[in-house]
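*Asks:* Chains A and B, in that order, give the protein sequences. Taking our numbering, I'd label the letters of the first sequence as residues 143 to 366. Taking our numbering, I'd label the letters of the second sequence as residues 457 to 865.
Among these hints, one or two may not hold up.
[To be verified] Below 25 Å or equal to it, Euclidean Cα-Cα: the simulated SDA-like pairs (lysine to any residue) are:
#1 B/K856 x A/K144
#2 A/K283 x B/N776
#3 A/K144 x A/F209
#4 A/K221 x B/L774
#5 B/K460 x A/S259
#6 B/K623 x B/A643
#7 A/K145 x A/E335
#8 B/K856 x A/L255
#9 A/K201 x B/E770
#10 A/K351 x A/E335
#11 B/K463 x A/H282
#12 B/K852 x B/L743
#13 A/K221 x B/G863
#14 A/K283 x A/P241
#15 A/K265 x B/K463
#16 A/K354 x A/Q304
#17 B/K620 x B/S566
#18 B/K758 x A/I240
#19 A/K264 x B/E759
#20 B/K586 x B/G655
#21 A/K306 x B/V859
#22 B/K498 x B/L725
#23 A/K306 x A/T206
#24 B/K498 x B/V827
#25 B/K758 x A/L158
#26 B/K829 x B/Q805
#27 B/K498 x B/F485
#28 B/K620 x B/N567
#29 B/K460 x A/P284
#30 B/K771 x A/L225
#31 B/K856 x A/H282
#32 A/K221 x B/L725
#33 B/K463 x B/L774
#34 B/K771 x A/K144
#35 B/K856 x A/T190
#36 B/K616 x B/A573
These are computed hints drawn from the structure, not numbers from a lab. None of the values given here were measured: they were computed from a predicted structure.
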Amino acid sequence: MKKRLEFENICKTYSLGEVLIPALRDVNLSIAEGEFVAISGPSGSGKTTLLNLIGLIDKPTSGTIRFEENIISYNGSSKLHRLRQARIGFIFQSFNLIPVLNAFENVEYPLLLTTVSAQQRKKRVEEMLDEVGLLSLRAHKPRELSGGQRQRVAIARALVHQPKIVLADEPSANLDTQTAQDILQLMEKLNREENVSFIFSTHDPQIVKIAKRVVNIRDGRISN
Amino acid sequence: MKTKFLKLAFKNVTRNMRRTLITSMIMVFGCIALILAGGFIKYSFWGLSETSIRGRYGHLQVFQPESLEKEEDMPLQYGISRPDSLIRVIGKLDEVRFAMSRISFMGLISNGDKSVAFMGRAVNPEKEQKLTGFSMKMETGHHLGEDVFAQNEDEVILAKGVAKSLKAEIGDYLTVMTTTTTGILNAMDVKVVGIFSTGVPEMDVRFLSVKLSTAQTLLNSERVSNIIVVLNETDSTDKVAAQLSEHLSGFAIKKWHELATFYRAVVKLYNAIFTFLGILIFIVVLLATSNTMMMSIFERTKEIGTLMAIGTSEKRVLANFLMEGLVIGLLASATGLLLSLVLSFVINQSGIMMPPPPGSTTGFPLNVHYVGKIYLGTFIFMLLTAVLSTLIPAFKASRKRIVDALGHI
Chain A
143 MKKRLEFENI CKTYSLGEVL IPALRDVNLS IAEGEFVAIS GPSGSGKTTL LNLIGLIDKP
203 TSGTIRFEEN IISYNGSSKL HRLRQARIGF IFQSFNLIPV LNAFENVEYP LLLTTVSAQQ
263 RKKRVEEMLD EVGLLSLRAH KPRELSGGQR QRVAIARALV HQPKIVLADE PSANLDTQTA
323 QDILQLMEKL NREENVSFIF STHDPQIVKI AKRVVNIRDG RISN
Chain B
457 MKTKFLKLAF KNVTRNMRRT LITSMIMVFG CIALILAGGF IKYSFWGLSE TSIRGRYGHL
517 QVFQPESLEK EEDMPLQYGI SRPDSLIRVI GKLDEVRFAM SRISFMGLIS NGDKSVAFMG
577 RAVNPEKEQK LTGFSMKMET GHHLGEDVFA QNEDEVILAK GVAKSLKAEI GDYLTVMTTT
637 TTGILNAMDV KVVGIFSTGV PEMDVRFLSV KLSTAQTLLN SERVSNIIVV LNETDSTDKV
697 AAQLSEHLSG FAIKKWHELA TFYRAVVKLY NAIFTFLGIL IFIVVLLATS NTMMMSIFER
757 TKEIGTLMAI GTSEKRVLAN FLMEGLVIGL LASATGLLLS LVLSFVINQS GIMMPPPPGS
817 TTGFPLNVHY VGKIYLGTFI FMLLTAVLST LIPAFKASRK RIVDALGHI
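Looking at chain B on its own, in the form it has when it is part of the complex (with noise of 0.2 Å):
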């Protein structure tokens, strides 16, 4: 009996077409920016975390747990003493897929004329450059540790805006001075080899990065700020992370969003912005289907009495007219859903090419990404809009009074 009513609120709203299709194309169209929308930041999510763990952070992070609540006095004071027993710990566990050591430092870089302050990265090269080869744009020269007639030279790759200030080319040398571990100043001699861009011009005017083994000889310390775990994928984060909480007592285990503060932010900024477009979506569809509703069930008013005359209760009326939004809501969704899919599509094929995000140098390409959540999210959204956008014009039909409604012109 349900779908003999069903079929009365298809054939209602089959009524009038037009004002259906304007309605349903309102709907059509907030489906697709929502899933446009939502795809699009699901993509910038992706690519943000990506950009994250590959450029900075990797999976998980190990320290010292001082290090991260006390201000170190000296380099590396709070640092991680005998790493590659740590390291093998680590790299025992199955969805790991390497771990390696990283020494953070500054200090001051100079020509010979000029100095300019640096923050630097020592690194294991080539199991950093299986992390970061995918975010570092190398411009000129190679990666650290390429050179293999040059294995024990100490070498130093320089951001793009360093080598400018400094006037450095490939193969000149240059001078790193830091304190050491016990307060003493230390220079070296370093060799330019690679001249790179890290995508973030603030970087690229202070960055550098030197062999593990370059550092601490600078440094004169065998230890190193922290340790970075890589995975084999990024879902598996939370639960290596505990399984590390349980292997490493005394360490300090910290997920990589947990330290890249800028991803919060732009997640935060990000789902601030969708929420507010779901909102206005929200209200423009109830606006469109509130109007339609109301509009449809003026001139049915004749029509609601004479249903309600012969026996038709309050409660049905107002669930035939829900119904009749709710067909329009299912049509509607299902038409958005359908080209978003072909959207999404025609987007990811074409290539087309954001300009730079804030803070960053380099374009990315547009790309929505196709998530199931937000699809179903969508869907659902759109339905119960349509039929909220209904409730109050139903519930007015369903208390007019007979005797007016069939009197109604």
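Isolated chain A (complex conformation) (with noise of 0.2 Å):
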């Protein structure tokens, strides 16, 4: 299988005023084309900056990053940008969706960054909003939504685009027990057919069974 990323010694440490805490220590990580990865630990333990960094949205400060065999510079943002409005979907804990905008617009925001038509646009967007089973509710804002159907909305956001990679943190920390499981699998399904790699912190183990591969993270390095 294609590597879509690959990270070699990374490490990440933050200051706090004088003391420096690492986040991340000499991380090696390969996920491949496709992958339905879990990254478990308890709180605190690197998986929120691991997240970051494969998405492109923090900056390891030591280590290199190849995303789809290149190696990404932190130089200049326009490219990283680029990078993440082009091949990165994001799913967050608490759904992050635009409150003025209703579940079309929400859907529909990455593709406005893009070149698409607003024919092809709308034509994509109700086919994720079907995929999600919320075409019925596509004028709905957020507040107007249950928590589940909001996390669907990001997860439609999240792969209208047609993302390579899609980044969930904790994406069932919000959720109750069976919302989860359903986003999950709905995950998992969309994983399956869009052949995308969906990789999501958890440190539910009930989730964690899910995932096709588990990387455990303690203290900043991974254990497995």
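Taking the hints as your guide, dock the two standalone chains into a single complex.
*Replies:* Printed below as a string of structure tokens:
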């Protein structure tokens, strides 16, 4: 399988005043095309930091990140935002939908950053809303949706521009057990159907079970 | 696609309606203040310019150049000879309503017991009344030359201060004394036919007016001091001045505003006040809008992080917030313009009287001119201020670290 992402000796250290706090230590990791990976570990183990680096929204202190075999350079932000916009999808723990936009407009937003025509945008957004079972609620604002429905909109938004990798930071944390299971199953289905690599962080053992590959992280080190 | 972002900006602006309304109201009041002040100042300029033209200067004046450069040793030393031929040439121009001669002279006027110094103006009564009838308020009696049975009479009309000082009444005879063009003291009796007010206290105690023929007899000269040109439209002043310069070589042509030093001083002062007002409003709007945008950005920090994480560029984040500033500016300016129109109409219809301005004895109606340039200028000024005040908060928003923004609570 084609490698999507590679981490080589990645370290990330935060500084709190004069105190240096290592969040990731010497991480080596490789994610292939179409993988469904859970990053598991207790709170403060470095899951979110790792996801931030995978999502190219944070910069490692040292080490090399390769995305589709190209070394990521952090000198110019324009290349990075284009990479994120074209290749990466994000699902956030608290959904992070734009409150003034309805479900359709929230899903449409990433496509507004591309050159996709209005007609194609409409078609693609409707496909995605249909896929997550929310086409009938397309005109609803986030406040008019339940937690599970909001997370479905977030998933549709993460996938609408056909990214290569979708990152989900604790996607089930704000949901009840049943809804969390449903959301994970939806992600797994989309992973299968769209051949998109899914990487999600969780500390819930029930959710971890669904993953095809589990990366355990503890004190900033990958332990398996 | 840009309309989508504009729509998003509009939605974001209406997100916190109370805050947006407060900011918009500040901008609306700014708009109204600028437009009403500008309209009132324009009205004042118009009033003052018409008063200057009608009351004193006409639109243009023709002089012998020496009279502007040198001090006369004798009255009318640098006056214009054969003014009638010049008046005929000037009268042929399309934009000219009429032209007339004037003599400015000084001397003493006496009732036999008391003498006072005066500043006199000798005029063609019929033409002069067409020009200054507007500004010269006759309190008793009538203008020069109105008595058809006394056309050859040497008449005088006195400013009310002069009349009061000499205890003169209509029908009284006074003696006017001055030096002739050859330096000899000359005197003649004149009949008081009118007492008027100039509206300027300093002028009211010194001013009088006689017919041209009276002054020419008194001064023993056929010359006149200058020729006053009155136009159909004030706007054609520059054009006619240029034409006269071509037609009347050897003469100096002065436009009314070159002669009206008081008008120029007032324009300068009012423009400075208006600029100061503009700066104050600019600062108030800048602070209000900046504050709104800063609060809005602070509240939406996590959202900014989300948008940037999913691929929104820094430039797009900046543009989105600038667009929000533009939307607020657009809505507030449009409302401000509309309300200014309504308020101007109400003020103009209300008939409110303003107190007399400094140096004047009569009040004037409060009026606000509708000036397209002021409306357009204020609209653009407000838009630019709104966008400018958004610039710094928006720039800060676009430079946020995504991870920090996402972690914002």
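*Asks:* Take the hints in turn and mark each one as holding or not.
*Replies:* Tested hints:
1. B/K856 x A/K144: violated, 34 Å
2. A/K283 x B/N776: With a Cα-Cα distance of about 20 Å, the restraint between A/K283 and B/N776 holds, given a limit of 25 Å.
3. A/K144 x A/F209: Holds: A/K144 and A/F209 sit about 11 Å apart, inside 25 Å.
4. A/K221 x B/L774: holds, 17 Å
5. B/K460 x A/S259: holds, 12 Å
6. B/K623 x B/A643: holds, 20 Å
7. A/K145 x A/E335: holds, 19 Å
8. B/K856 x A/L255: With a Cα-Cα distance of about 19 Å, the restraint between B/K856 and A/L255 holds, given a limit of 25 Å.
9. A/K201 x B/E770: holds, 17 Å
10. A/K351 x A/E335: holds, 20 Å
11. B/K463 x A/H282: Within the cut-off at roughly 17 Å; holds.
12. B/K852 x B/L743: holds, 16 Å
13. A/K221 x B/G863: holds, 23 Å
14. A/K283 x A/P241: holds, 7 Å
15. A/K265 x B/K463: holds, 20 Å
16. A/K354 x A/Q304: holds, 21 Å
17. B/K620 x B/S566: holds, 12 Å
18. B/K758 x A/I240: holds, 10 Å
19. A/K264 x B/E759: Status holds; Cα separation ~23 Å.
20. B/K586 x B/G655: Holds. B/K586 to B/G655 sits at ~18 Å (cutoff 25 Å).
21. A/K306 x B/V859: holds, 21 Å
22. B/K498 x B/L725: Within the cut-off at roughly 13 Å; holds.
23. A/K306 x A/T206: With a Cα-Cα distance of about 20 Å, the restraint between A/K306 and A/T206 holds, given a limit of 25 Å.
24. B/K498 x B/V827: Status holds; Cα separation ~8 Å.
25. B/K758 x A/L158: Satisfied, since the Cα-Cα distance of roughly 21 Å is no more than 25 Å.
26. B/K829 x B/Q805: holds, 22 Å
27. B/K498 x B/F485: The given pair, whose Cα atoms are some 19 Å apart, holds under the 25 Å limit.
28. B/K620 x B/N567: holds, 11 Å
29. B/K460 x A/P284: It holds: about 18 Å lies between the C-alpha atoms, which stays within 25 Å.
30. B/K771 x A/L225: holds, 16 Å
31. B/K856 x A/H282: violated, 30 Å
32. A/K221 x B/L725: violated, 56 Å
33. B/K463 x B/L774: holds, 16 Å
34. B/K771 x A/K144: violated, 33 Å
35. B/K856 x A/T190: holds, 18 Å
36. B/K616 x B/A573: holds, 14 Å
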